[in-house]
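Chains as they are written, first to last, in my numbering: chain A, 13 to 86; chain B, 13 to 86; chain C, 13 to 86; chain D, 13 to 86; chain E, 13 to 86; chain F, 13 to 86.
Since the hints were made in silico from the structure, they are not lab data. Heads up, the beta-carbon is just placed ideally off N, CA and C, and yes, glycines get one too. Treat each hint with caution, since some may be false.
To be verified - Among the chain A residues that face chain F by a calculated CB cut under 8 Å, a handful are: (1) V22; (2) L26; (3) K29; (4) R30; (5) A33; (6) E34; (7) T37; (8) R38; (9) I43; (10) P48; (11) E49; (12) V51; (13) E52; (14) I55.
Given next are the chains, with one letter for each unit.
Protein chains: 6
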Amino acid sequence: MPFINVKMAVGRTLEQKRELAEVLTREMVRILDVKPEWVELVIDEYPRKNWATAGQIHADKYGPGCGSQGIEEK
Amino acid sequence: MPFINVKMAVGRTLEQKRELAEVLTREMVRILDVKPEWVELVIDEYPRKNWATAGQIHADKYGPGCGSQGIEEK
Amino acid sequence: MPFINVKMAVGRTLEQKRELAEVLTREMVRILDVKPEWVELVIDEYPRKNWATAGQIHADKYGPGCGSQGIEEK
Amino acid sequence: MPFINVKMAVGRTLEQKRELAEVLTREMVRILDVKPEWVELVIDEYPRKNWATAGQIHADKYGPGCGSQGIEEK
Amino acid sequence: MPFINVKMAVGRTLEQKRELAEVLTREMVRILDVKPEWVELVIDEYPRKNWATAGQIHADKYGPGCGSQGIEEK
Amino acid sequence: MPFINVKMAVGRTLEQKRELAEVLTREMVRILDVKPEWVELVIDEYPRKNWATAGQIHADKYGPGCGSQGIEEK
């Protein structure tokens, strides 16, 4: 505790996951005044056909991929 | 917000996912009086060996597959 | 199975929850070809200070309440 | 998308929640190359009798409260 | 890791939560061959108006309460 | 209801999942006084690059695999 669950599009690199884990944990520790070893982070990755906004599947809305190049999150 | 998470057996078609996203969002908008673009839907798909009811794994209870033909949900 | 989890702002009426449960279940049954008794729905309700979009807490962005009157979801 | 769910002990201030939302979103945007408005964050708060580590309820292990003063997260 | 999330009707005693945490953790440790201190358990409690089966809110189906006396789980 | 979600490292056998489902359900039934058929269990499996403790990805901390041989949970 605390426990962080990140849901995001599949396709990020291991390096991005490493940085997410490191940075989000560091900020949780700082803001909440907790010990680092209590912070757990789990990443759920989704293909774009399993995520929708405003009723439209992201695979239809943005095409394949993730992030800023023609992507649902950008 | 609102955020809908659907957990279901793996194996549905893209068309079924499209309809799920469209219909569930439309009904959320109508019932809760929210804007469509605020509604997000995420689908988690599970193999039957990762789901159990009454202590029995669905792979054992229903065999492979999903939906109505000899299936855990039917 | 399937299992539906709805996360939304606190403040909806019992009648809205009833309709959500009834309609979402009916549509899941129709689209996924499952038996009604397999569909479970759970609602998580959040105060606006526990939800943020684009880094801003909804309590700050929209004030108190839920739904269409000056609300985060509208 | 992305969607961040933070589970933590009940008792943090609105100011801490504001900072969590602001900082975690900013870092997600930077690391994942997404647009700020796609990032949603939801906080689940738990009393210590609803959380356990190593089979021991935190209410028993740490007493009441949250954070660094004799707390499960410190 | 592992992380156990139990969703159940509100109303159980602290003693029941203690036993849940102790027993579920012990069994996870035994079956998965993990260290006890890696096992975290979090309990989400729901009022019956926030849970539905087959499209019917449990508050309507079972009345108030939890467990075996005229209850949704019994 | 109740609903149990177990998040764990990928790599366990079907036999371990069967035992988890059977034992966790049996204990829930005994402790909470509920009917077995109301208990659902869903298992989420994670590769070690999607899980972190204290800001460090488990793939870096423990290498590949799961459980007791040089593993994050042991």
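Hint check results:
Taking 8 Å as the C-beta contact cut-off toward chain F, the hint placing V22/A at the interface is violated, the least distance being around 10 Å. Evaluation of the L26/A hint against chain F yields a held restraint, the C-beta minimum of about 5 Å falling below 8 Å. Checking K29/A against chain F: minimum C-beta separation of about 6 Å stays under 8 Å; hint holds. For the restraint placing R30/A at the interface with chain F, the shortest Cβ-Cβ distance is roughly 5 Å, inside the 8 Å limit, so the hint holds.
For A33/A, the interface hint holds, the least distance from its beta-carbon to any beta-carbon of chain F being 4 Å, beneath 8 Å. With a cut of 8 Å, the hint placing E34/A at the interface with chain F holds, because the nearest CB-to-CB distance is about 5 Å. Here the hint on T37/A is kept, as its CB sits about 3 Å from the closest CB of chain F, short of 8 Å. At its closest, the beta carbon of R38/A sits 6 Å from a beta carbon of chain F; the interface hint therefore holds under the 8 Å criterion.
The interface hint given for I43/A is violated, since its Cβ lies 14 Å from the closest Cβ of chain F, which is over the 8 Å cut-off. With 8 Å as the threshold, the beta carbon of P48/A comes within range of chain F, its nearest partner Cβ sitting at about 4 Å, so the hint holds. The closest approach between the C-beta of E49/A and any C-beta of chain F is roughly 4 Å, which is under the 8 Å cut-off, so the hint is satisfied. Taking 8 Å as the C-beta contact cut-off toward chain F, the hint placing V51/A at the interface holds, the least distance being around 6 Å.
For the restraint placing E52/A at the interface with chain F, the shortest Cβ-Cβ distance is roughly 5 Å, inside the 8 Å limit, so the hint holds. At about 4 Å, the closest approach between the beta carbon of I55/A and any beta carbon in chain F falls short of 8 Å, and the interface hint on this residue holds.
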